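Going by my numbering, the residue at position 4 of the sequence shown is 9; the numbering climbs one at a time, nothing skipped.
Everything labelled a hint here was simulated from the structure, so no lab data went into it.
Note that the coordinates shown come from a computational prediction; the quantities given were computed from them, not determined experimentally.
A virtual CB, placed ideally from N, CA and C, is assigned to each residue, including glycine.
Accuracy of the hints is not assured; some may be wrong.
What the hints assert, rightly or not - What follows is a list of derived Cβ distance ranges for each label pair:
(1) Arg71 - Cys97: 52 to 58 angstroms
(2) Asn55 - Thr80: 35 to 41 angstroms
(3) Asp61 - Lys92: 45 to 51 angstroms
(4) Glu54 - Ala90: 51 to 57 angstroms
(5) Lys92 - Ser60: 44 to 50 angstroms
(6) Ile81 - Ile52: 55 to 61 angstroms
(7) Thr69 - Leu91: 31 to 37 angstroms
(8) Ile84 - Met59: 48 to 54 angstroms
(9) Asn93 - Asp61: 47 to 53 angstroms
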Amino acid sequence: TTALPSNSNNGSNNSNSNTSNSTSETADCDSNSDGSQSGGRQTLQQIHENLQRMSDTLALHRQTLRDHSTSTLATIETILKRVDALKNRPPCAPTVEPLAEAAPAQTAVA
Numbered sequence: 006t007t008a009l010p011s012n013s014n015n016g017s018n019n020s021n022s023n024t025s026n027s028t029s030e031t032a033d034c035d036s037n038s039d040g041s042q043s044g045g046r047q048t049l050q051q052i053h054e055n056l057q058r059m060s061d062t063l064a065l066h067r068q069t070l071r072d073h074s075t076s077t078l079a080t081i082e083t084i085l086k087r088v089d090a091l092k093n094r095p096p097c098a099p100t101v102e103p104l105a106e107a108a109p110a111q112t113a114v115a
């Protein structure tokens, strides 16, 4: 197995650059206060806020999916009831077309 890389500040001796709890740090910051590269580190507060937003979004999607599935099931049940009603109805009586009225008889002229 391979060891995971550590977050050692690329060898810098500034131990405070990784332990800051300041919320003034930005998520897109590219360097630490000592000039070493941080790779865009975020504060725990920012990570927590991002995770909370994602959690809220997932909850909304979950509810939307529940609503759609409930609606879909109701539609399917309605269709099945209609199909059952069509299968169970008595056969249709044959329709009788009304006879066309006979044309007035023409009398032969002699």
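Comparing the hints with the structure gives:
Between arginine 71 and cysteine 97 the beta carbon distance is about 41 angstroms. The supplied range of 52 to 58 angstroms is therefore violated. Remark: the range hint 35 to 41 angstroms for asparagine 55 to threonine 80 is upheld by a beta-carbon distance near 37 angstroms. Between aspartate 61 and lysine 92 the CB atoms are about 47 angstroms apart, so this pair conforms to the stated range of 45 to 51 angstroms. In this structure the supplied range 51 to 57 angstroms holds for glutamate 54 paired with alanine 90, their Cβ-Cβ distance being about 54 angstroms.
For the pair lysine 92 and serine 60, the supplied restraint of 44 to 50 angstroms holds, since their beta-carbon distance comes to about 47 angstroms. The beta-carbon spacing between isoleucine 81 and isoleucine 52, approximately 42 angstroms, falls outside the hinted interval of 55 to 61 angstroms. Our hint of 31 to 37 angstroms for threonine 69 and leucine 91 holds, since their Cβ atoms are close to 33 angstroms apart. Between isoleucine 84 and methionine 59 the Cβ separation comes to about 37 angstroms, which falls outside the hinted range of 48 to 54 angstroms.
Between asparagine 93 and aspartate 61, the C-beta spacing of about 48 angstroms keeps the proposed range 47 to 53 angstroms intact.
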